[in-house]
Structure formats: structure tokens, C-alpha cells
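Please work from the sequences and hints to get the whole structure.
The residues making up each chain are set out below.
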Amino acid sequence: MREFPLEKGPFLKANNKTSKMMFHLLIALFPIIIFSFYKNGIIPYNKGVTDIKGLFLPLIVIIVPTLTSFVTEMIYAQFFLHVDALKYVKSSFSIFPGLFLGLIMPLNTPLSMLILGALVATLIGKMLFGGFGNNIFNPALVGRLFIITAYAITFGKYIYHNSYELDTITSATPLTNASVIEGIGSYDTLVKPYGNFSNFFVGMIPGSVGETSALLCLVAFIYLTITKTIKWRIPTFYILTVFIMSFIIGAFNDLERTYSLFQILSGGLMFGAVFMATDPVTSPTTPIGQVLYGLCLGLLTVIFRHLTPYPEGVLTSILTMNMLVFIIDKIGVKARFNYKKSIPYFAIIIILIVSLSCYIGLEYRKNNAVEIDSNYEIYSKTIENDTVTYMVGQKGYSSVLKAKIVIKNNKVITYEVLEQNDSYYSKVEDSNYIDQLIKNQDSLENFDTIAGATFTSNGLKKLLINTLNDYKNNKNEEIKGNIDINKDYEVLEKNNDGINYNYVVTHKSFSGTTKLSITISNYAITNITVLETNDSYYQKVVDNDYINYLINNQSNLENIDTITGATYTSNAIKQAVLKTIEEYKGDLNE
Amino acid sequence: MVTGLKLIGKKYMSLKNKVQEYLNPEYVYIPLVVGNDTNISVFVKKGDYVYKGSILGKKQGNFSIPILSSVSGTIIDFQEKYYLNGKKIKCIIIQNDFKELTENKINIKDDMNKFSKKDFIERLKDNGIIGMGGAGFPTYAKYDTDKTIKTLLVNAVECEPYITADYSLILEHAEQILECINTILKINKIKECYIAIKKNNSKLINTFNLYIGTYPNIKICEVKNIYPMGWEKNVVKEVLKKDYDKLPIEVGTIVNNVSTIYAIYEALKNNQPLIDRIITITGEGLQKPINIKVKIGTLVSEIIERFNKYKDNKDLLFVAGGPMMGTTIPTDDLVVTPNLNCVLVIPKPKISPSIECLRCGKCVKFCPAKLAPVLIKDNCNNIDILKTYEVNRCIECGLCSYICPSKINVREYVRLAKQNIGKVDK
Amino acid sequence: MRKVFKKLIYENPLFVLLLGLCPALAVTTNFESAYIMGICFTIVIILSNVVISLFRKLIPENVQIPTFILIIGTFVTIIEILLNRFLPDLSNKLGVYLSLIVVNCIVLGRALSFASKNSVLCTLKDSSLTGIGYTLALMLIGAIREILGTNTITFMNSLSSITGFRAVYKVYPDFSLLPNPIFSSPAGAFLILGLLIALFNYLKGDRHESN
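Protein sequence lines correspond, in order, to chains U, B and X. Per this note's numbering, the first sequence runs over residues 1 to 590. Per this note's numbering, the second sequence runs over residues 1001 to 1426. Per this note's numbering, the third sequence runs over residues 2001 to 2211.
Please note that the accuracy of each hint is not assured.
Examples of chain U residues toward chain X, derived with CB under 8 Å [unchecked claim]:
no., residue
1, F146
2, T149
3, G452
Hints in this document: simulated from the structure, not taken from any laboratory. Just so we're clear, the structure is a prediction, and the values are computed from it rather than from any experiment. Note that the Cβ used here is the ideal one computed from N, Cα and C, for glycine as well.
Shown next, in the form of C-alpha cells:
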């Protein structure tokens, strides 16, 4: 008789271990880190845009939070949990909150914010819940949410300003860009500014450090599914739901393929779906629960992207669903024995998916049909035979650009800027932009703007586009403008006898308007008479014989000084004369 | 769709050597237990002489069945020996007189097919046939029903690693097994029979195919090589594509282990009770792993001493049953019973320390009973929540503990949960 | 003295008994509102509990709660009117939470469990300690939230109409991480409250409350 020890449980050993699974995860992340280093560090360095610090910045942004979370967990274990720190960290996988946090932050985040974010992610997101395996929320997302909510104001400078992209039209991420344009946009406004879809797929677009490359995320997904590391149902159904909903929304606006592909490939959706949503600790364990989780995530992301003012939906939707995992698991357990018990829940979610996407699609369609550009305004529109004369205004850089546009038989004849106050308008003038616009009036959407005067040139371009659109759609509606452009200046009467042109004009002056009569013959001012004025200091103008002074120096009118002590009054007269000269020139040309 | 996991077989170890026999032990220790039930009334006392096949005791309650002696001889004493569930059970010690005398019973040796159903059930009951696949359920009770039996499923899957007892039996007695199945079909008016064998056991399939041509009602069904394919529900699902709730008779099926079929053959043909079986004694801790035919009640320590011999390792484990579902026994004083099909002697495995649960969901994915072991583990002390998890469906197959990446012994938590629910139900 | 200390820390109404959380999150955006609120609260609890204790033998059991609310409401209204007259902008800052002292769980709870059963002197001691404990707790949260949230600490701002001088100090030079506006928002309030409750639990250790 021989004695033997007692043991419990199966006596065969399986090969898999948690550390192996985490190792697979690290291998899957490795290409993404390398790509981010290449795109954000090496390419700008080669272009000469950044210095050596900028070259290594992506790596620093990834490594600093990783180390911070590692050290934080060691300190916490040593002093608060009273266990051996090294042994604890081996089985606690402390680098992952920091690593993921580094990958989802924008590139130019200050180091102090990264460290604080990693601290919050590890302490509040993971350790306070009980350490590894007990946290409810994804710690990296908790850290990012904290940083963004707290520092969004100072952060605005840093958010998405990326040294890789320096001369695109908007240095915003595709989603921020999409939220600024009116309506649903089109291929040209959503995708063209960044190249084409292959740029989106490979990842050469602005965004956070690791989020951009859809191709590498796909490769990582395949690798992780083959090695059975992640819950593959979650990213599959998540991305499928977003694709289908965007497809329906796009279908209402004739944009099916573009919009759905755009929505999947932008905003860090692929990265979030493959790495953040499938975090094993915070996602459901039952198969049907995982499917439900993926569907709800997709639904919430689309809702947050379209129906709320924030452009990014992935972060908040994942955090919201993390709260609901325990309910989903209950449904999943019941459905294991009898899958029919989960059908009502699926029915509700699918109904919500279809109805909400139809609703959003219809909303966009309504907005597109009206096509209101809120920065564009038609002051007046007169129609004579085939010619339509527009007096229109468009917001430029710092002022409203007011112009007169005459369109005859679908062609723009005149485009004249009457009033503007943009600082860099000279650049526009120097490059004869307006003439180019008129020449390219058939293909204005893709026409470049002028570097250094982006908003001004963009405003002028948009002015012409909106006017052409209005001409196409509402040719026959007249708009009697009751807002006068140049309400500073108004021509009341004009008559001429071929040689002498006489104008009775009013101009805004110090207190009210001043009425003048100006006569011009052969490009020379012959007479200026002030008919009416309310200005108190007009006497000074008279005393200084300003009017004769103007007539005598009419070749150099712009540089004539005003009278001190009667600045506005004298300026009014001077401006009235200048504008009348322009009017005279215009009259002569007709 | 039956899901499971492919395990490493390790079956070659016990197949290297021929099947041995040890049918003349000096003492046999017949345990007073049937399956898990120790409520046995004893009819003999110390000093009585018994024949081979005499009734020693009877299980009380439902499905009563007699316990029979496997040798002829004198009853010496009552002693406690270990049973395959790890507990000590009172045994009747019989000193073998090596004469193999049987009592004068009416020896019906005529055509097996002439049995009526009633006589068939009577014969099975009197010869003490119980399920030899592990459960130890009285076999006659399965046939004693008014419902129509449409199919008979013979379970020759033997999915656990190391075990080759059924394998060796089939290799030797395939023809008789098929004959017996045919008889059972005729007596009970069952239309057809399927024999479930693993796809990769080509030798067995060929062995059956030699004789099966004459029995058009019997078909071989090849099943996937995964664990736990041998579980009743999985076999029924895979072969017949049907689900049932508690008993296979709900879908008109009876499932029998192939060793039980052979025991039925002996009972019908020769009126011989269940007094011996083939068991596998194997493992890396033995010098010579074998399959051996022994009498019921033999002490395993004697068998090992004579045939296998331990290796010189210090740390060995002695397991009754297979590596996944077996229990460790403190000494090698284990008695052979009809439902013991394997004894494992393996070196003590290195225990990796368990870490926090990762909630990866692998235990949920592979559980054959469609439970969620991770959730049961989290709530094993909370009775209200446990009631919704249907914990009693667990068959304790051990896959959840096997597959866990964090090396948590999940099955223990499920057992604890079952205990807690059992206490409340009382 | 040890008893006082024990009651303030180990039975602190806010951090240990977790009562009166609503004003603790709402009015503690700056230090001054916090301590003014605490002072008002202390006055109300002392006065009302003393009065309740005086009348404890006269009030029958089944009308206890309405009567107590009546008494407490009287004192709260007095304080409200006084504050409205002398310190109107503080009254605006405290807003509705001043009126909510009437149904603050601490006041009613101490009244029901202590004041209605014990003598006046004991009630005086108990209620003043409770009030002081609550005030100190509010001051702590208010100080932390204000320092971290908007880099100032206000000792006396709205009170200057009475006392005549202001004391608003900047605590540290601004840098990129602080001040962090999240602490002036309700989210930060919950965070700070949670961490402080954890701290007090740690200080409490494994003591078993005998009361």
C-alpha cells in the first residue's frame, strides 16, 4: 500500500496563459507604433519641418504614459496594498492603460498632461476598482476623457494640430472637418481635402498618434482572431453596424459608398473597435452578449456623431456601454439555453438602428435641399431680360465681403467687390483672383484658395458659388433689397449731358448724413457743393476751405489729410468724392 | 453543433501492450454501493459461503438492483476501502476458493432472440447489469418504459485521454457486440442502432465493418475527435441531431456504453452476471501501462504490484477515472467496480499560480452544458442570482478549468455553487 | 477632548454617515460659500435640536416628524430672512440649498434619534459637534475644489459688505495642468468626495461602531 497526495481538478495542462495573450496584443500593436513613428516623426523630419525632438516625439508620447502607469501601479501596490510590488506587477499587466492612452492622444499633447492622464487612468480607472480584472471602465478611455474634459480650452490649440499636415485647407481631423461643413458634404468636401480613400485606409490623415491607420488595425484584427486573443464578435458587429447605418444615411443623400466608407475609416473607429472595445475585462463574456454589445456600440457611435455637437463618438459610446455590460451578460446567460429569449432585445436594437439612420438621413436631406449657407446673404437681386444683378455678401476672414455680381445666360459677366475689410485682401488683389474665379466659373468647387489669404479667398469663392447656385435654382425670383450696401454712401440723383456728369449723393458723417452735389467733367472734379449737413463741426471745414483744397488736390485724393477737430466730417466729404469718382468711372464704362 | 476542445490523446501508451488478464485474486472486496447510492441492504454475514453470482445485497429505493459476488468463496470480514469517488465505502471481503462455482440457476442457453421484453428486463436486473461508462445506473431501468424506443445509441466514443478500455474490448469482441445489439433491437422492437465512434479510430471502424454487413439495422456514425463528445447529450445531438432535457428517452433513444452491451451479451447468452471488466491502468508514473481484465472487487494495488510497477518518482498522483473528470485517491487501496474504467498514475503536475480572472470568456465558449462558469464563479455565494444560472446542469467535465488562461480552477467554484444551492433546497 | 476628536472624525456626518451630500456637492465650489453654509447649518441644528429637546416630553410619537419639520423650518426661515437682508449676494450663491436645510437628513436624523430622547445639555453637545463636523467637512471640500479648480482661495469676499475687507488669494502660479476646471464641475465634486470618503475610511481603520 502506498500513499499519494490529494489534488483537485483536471490533471492536464493547457498551453495558453494570460501573459501569452497580452504578448500577442503587444505584437499586434507593434506595427501601429512603428507606422506612427514613421508618419509623425520621420516624414516631417525629412521634410525639414521639425527638429530632432519632433522626430522622436511620437515615441515619447507613447512611452511616457506607459512608464507612468507602470510606476504608479508599483507604488500603489507597495504602499496601499502592502504586497510585493514586483510580483504584483508581473500578473497585473500595468503597462496597458498607459500604452493605449499614449496611442489615442493627439501628437502635441504636453508631457505634463500625458503624465496626469496616465495617473488618472491607472489610479481612478483601474486600481480604485480593485486592480486588474475588476475594473468596469476601460482605463485608457477614462484617462483620455479626464484630460479632454478638463483641458479642452487650452487643448484646443493642441487638438489635432499635427506637424505632418501643414498645408491642407483645414488642419482638422476628417471628422472635425465633416462637422464644420454644412449638411452632409460630398466626396469633394469630405474626402478630397485629404487625398483619396487610400490615404484614409493607409492612415496618412491627421489624427491621434495611433488611431489613423485602418489597414494596420485590420491586420491586427486578423492576427488576434487567429491566435484567439480577442473577442472577435465585438469589432465585427460594431463596424458592420456603423457601416450599415452610414450606408442608409448616405443613401438618402446619394452618397452611399462614400459616406459609409468615410465613417468607418475616420475618427479612430477601427482602432477603438479592435483594441478598446474588446478589452477583455470590460466587455461581455457570453457570445450573444458580445453580439448585442457590438450592435449597441455601433448604434451609440452613430448617434453621438450625428445628433450631438461632439465630432468623436467612439470614446463616449464605449464608456457608456461599459456601464451596461452586466445587464448584457444577464441577457447573454439566459440566451445560452434558449436563444429565443434574446430575440426581443435584438428586435428593439435593430428597429432603433433602422429608424434612427432613416431619421438622420432625412434630416440631412432636408438641410441639403435648402442649402443655406448662413454666412451668405443676398441683399438685392434684380432681373432684366437675361441679366440678373446680384448684390450679395459673404463672411470672409474678419469682415463681410460685399460684392456685385452680374450673371447673363449662365455666365458671370461682372464680379466686383464693393466693400471689404479683410487684412490680407491685397494678396487677393495681387494675384488677380477674381478674374481667375470668373474664368473658372464652371469648376469652382475644386479651385484652390490663396495661401496666406485662405479665408478671404475662400469667402470670395463661396460667394460666387452660392450666387451661381441661387441663379440655377431661383432664377426668376426677384429680391428687392432693402438693405443698401454702401449705406454709408448713396447716389440720390445723377444726370449728365455727355460731358458734365452731376451727382447728388449722401454720405454718412459725424451726426447723420451729409448731402453733396458733385460735378465731374473729363475726369476732373469741377464742383463740390455741400447741400445739407448736420455736423456740428462743419464750420471748421468751411474755415479751412477744405472743399477747394480737395478740388485742387484731386489727383492725390486718398492721401489728403482730414481736418483735426472735424475728422469725421471732413472724412465724409472726402469719401463721398472718392466714391463718386468710382461711380463716374463705372458710368463711363457702360 | 457540438462544440468542444481537442485534447492530447495519450492513448498510445496503454495500447502498446497486449490485454492482460487477472481473474484469480486471492481476495475480492465487493463494495456496498451502486453508482452513488450507498443505501444497500445486506443479506449475508461473516462466515457465509457464497457462489459466483450470489446475491450479497440489494439497492433499496427506485431502480432496485442486486449486488452479486464475483467469485465463489467464504465471507471473511467487512472492511472499508476506497471507491472511485474518493470516499471510503464498506466492502465485503470474500476469500476466493478458486473453484468458480455457480449456483444452480435455470440456465437458459437457447436462442437469445426468443426473449420477451419482460424476460429481457428481468434477466438484466437479476444479473446486476449497471452502466459501465461511469454513471453506474441500473441498465434495465432504461428499457423498462412504455414509450416507444426509436433508436439505440451505442457509445463507443471514449473521449477522455489515456483511456482505452472500450477500445480493447471492441477489438476483441466486435462480433459478439454486434450480435447482442441485434438481439436487443429485436426484443425491444427498436428500428435502428447507431454506434458512435471517433473519426480517428480507424482500426475500430474497420473491425466493426468486418461484421456489420449482416446487420442492416446497425450503422456506424463517426463523430468528431473532441472532448467531451462522449457525454450523453453531445452524442445524441451529434448523431441524431436532437436535444432533450433530462433523459434521452424523451426523444425516443436509449444510450448504452459499449462495455455494458458486452455485459448484456454475457447475461443473455450465458446468464452470466456482471463480474468482470477490462480497465486501463496507465500513466507516466507506471513502468508498464496496460489494459487488463479483472474481477469486480479486485484491489488495484495488487494489480499494479503484479503487472505495472510504479516508477521511481517521488511525487505521483493516483487518479480514479480519466485526467479530466477523475478524483485523486489517498492510497492505492482502490477497488474495481463496474463503473471504474481507468486508473491513472501520473507525476504531480506543476501548479502555476492563479491570477485575477481576465473575463476572456473562454470558459463560456467551451462549456458543453451551455453555462457561464465565470459568472457562476463571481456569484457563488449569492443564492438568488445562482438560481437563474441553472447551475445543476454542470457535468463537471473540467473544460473550464483546463482552458482558463489565468489558471483559475473554475470547476471548483461551480461545485461550491452547486453545494450552496443544494443546502438551500434542503 | 478625545471624545470630541473621535466624534468629529469617526462619526463625521458627511464622510462617515454619508448624510447631507447634496449641499456638499452644490455649494462647495468656493471656500466662502462652504463655510457660510456650514455656519448657517450649525446654527440651525443647534437651535432646532435644543428646542426639540426642550419639548421632547410634550410631543406625541405620531406627530413627531411634522412637528420637528415645523420647528426646523422656523429657524431656517429666520436665517434665510437675515441672510437676505444683510448678505444678499451670499443668499443668491447658496440659493435653494439654504432652504433645503429643512429637509437635510442630518438635522432631522439627529432630531429623531438623539434630541427627542436626551436632555438639553446632551443635545447641545451632540448637535454642536455634528454641526461643527459638517462645517469642517464642507470647508475641506470647498478648499480643495477651489484651490484645484480655480486657483484662488476666498476667505472673505461676499462678507465684505459686513466686515469691510476682502481676502481672495491666488495660491500657486498657473501652469498647464492646474487649475483644472473639472474640479469646479459636479464631476470633480464627486471625485473629490469619493477620495475623501476613502481617506476617512482608512483613518477609521477597522473600528467597530458601538453606537
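Now for the hints, and whether the structure bears them out:
At about 7 Å, the closest approach between the beta carbon of F146(U) and any beta carbon in chain X falls short of 8 Å, and the interface hint on this residue holds. The beta carbon of T149(U) comes within 6 Å of a beta carbon in chain X, closer than 8 Å, and the hint placing it at the interface holds. Because the closest C-beta pair between G452(U) and chain X is about 31 Å apart, greater than 8 Å, the hint is violated.
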